[in-house]
Amino acid sequence: MVLPRFRGRGVYRALLNARFSLARKLGKAIVTCQATPQTSGPILQALGFQSVGTFPVFGP
Amino acid sequence: MDLTDEVMDRPLDALVGAEDSVIIDLPEWHQVTTLSFASGGLNGVARCRIDPAGLGERIETTIAGYAGLRWRWTVGANDTPGLAARLRARGLSERSVIGLWRATDLSVPDGAEAAEATSADDVAAFSAVMAEGWSAPLAPLLAYNTRLALTPDRST
Chain V
1 MVLPRFRGRG VYRALLNARF SLARKLGKAI VTCQATPQTS GPILQALGFQ SVGTFPVFGP
Chain G
61 MDLTDEVMDR PLDALVGAED SVIIDLPEWH QVTTLSFASG GLNGVARCRI DPAGLGERIE
121 TTIAGYAGLR WRWTVGANDT PGLAARLRAR GLSERSVIGL WRATDLSVPD GAEAAEATSA
181 DDVAAFSAVM AEGWSAPLAP LLAYNTRLAL TPDRST
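Heads up: the sequence lines are chains V and G, in that order.
The first sequence runs contiguously to residue 60 in the working numbering.
The second sequence runs contiguously to residue 216 in the working numbering.
Think of the hints as simulated: they come from the structure by calculation, not from any bench.
Keep in mind that a hint or two might mislead.
The following label-pair restraints were derived from C-beta to C-beta distances [claimed, not checked]:
#1 V/T39 - G/A175: 34 to 40 Å
#2 G/G100 - V/L15: 18 to 24 Å
#3 G/R130 - V/T39: 14 to 20 Å
#4 G/L86 - V/K25: 31 to 37 Å
#5 V/G27 - G/A203: 30 to 36 Å
#6 V/I43 - G/G142: 22 to 28 Å
#7 V/F6 - G/R148: 33 to 39 Å
#8 G/A127 - V/G53: 30 to 36 Å
#9 G/R130 - V/L3: 34 to 40 Å
Covered stretches of chain G (in silico footprint by chain V; criterion: 3 or more residues with CB under 8 Å from a CB of chain V, positions within the stretch not fixed) [to be verified]:
#10 65 to 72
#11 110 to 119
Each residue gets a CB set at the ideal place from its N, CA and C atoms; glycine is no exception.
Turn these sequences into a full structure, and let the hints guide you.
See below:
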């Protein structure tokens, strides 16, 4: 979560780097996530993330 | 390695609930119920691989059990056939998530520095950001994040 007034400063990228760094430290070959098609999905796909599919989510 | 399984199921293995969370973690069913998170976040079904004959009744009892709470039901590729159609027919709202994976060789230029939250003040600040961003009450988020900070690493 990056609040609107702090966006555009590289916070999301810094958090991504930290997560990847931790994954490598733990000896992990891949990372996975579930992303929203309208927000984080396109950003992550532009960084080389590949899709395994789109899944429906229901709620009230 | 089944990538769909990695994306949909592995995160459930690492899930840490709130103090009042009820987590049902079975091969055919994964459900979390957290009364203190009425506005969402720790309420939902993430695995449903039950006998199709019991699907209708399970849907109704599950929805009834979430009365007064915000919840979500994510339908995975290996769930009971027809589940999404049944939930859709029930008149529920619908959105979607993309399952993504990437090799861990990523390093992107950044203009900020990430720091691990290690003190009570850090956890309080982190929780305040979540509460503001999600328009959610601060108290349950603070209690949950404090619990997370005290929980041993469950990386999978």
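Hints and how they fare:
The hint said 34 to 40 Å for the Cβ distance between V/T39 and G/A175, and at roughly 24 Å that hint is violated. Checked against the hint of 18 to 24 Å, the C-beta distance between G/G100 and V/L15 comes to roughly 22 Å, which is consistent with it. Taking the beta carbon of each, G/R130 and V/T39 are about 19 Å apart, inside 14 to 20 Å as hinted. In this structure, G/L86 and V/K25 meet the distance hint of 31 to 37 Å, their C-beta atoms being roughly 32 Å apart.
Look at V/G27 against G/A203: about 32 Å separates their beta carbons, and that is inside 30 to 36 Å. Between V/I43 and G/G142 the C-beta distance comes to about 34 Å, which lies outside the given range of 22 to 28 Å. In this structure the supplied range 33 to 39 Å holds for V/F6 paired with G/R148, their Cβ-Cβ distance being about 37 Å. Judged by the Cβ atoms, the range 30 to 36 Å given for G/A127 and V/G53 holds: they are separated by roughly 31 Å.
Remark: the range hint 34 to 40 Å for G/R130 to V/L3 is contradicted by a beta-carbon distance near 21 Å. Residues of the stretch 65 to 72 of chain G with a Cβ under 8 Å from some Cβ of chain V number 5, which satisfies the need for three, so the listed coverage holds. Only residues whose beta carbon comes within less than 8 Å of a beta carbon in chain V count, and the stretch 110 to 119 of chain G has 0; fewer than three means the coverage is violated.
Checked against the numbered hints listed earlier, the structure breaks hints 1, 6, 9 and 11; every other hint is satisfied.
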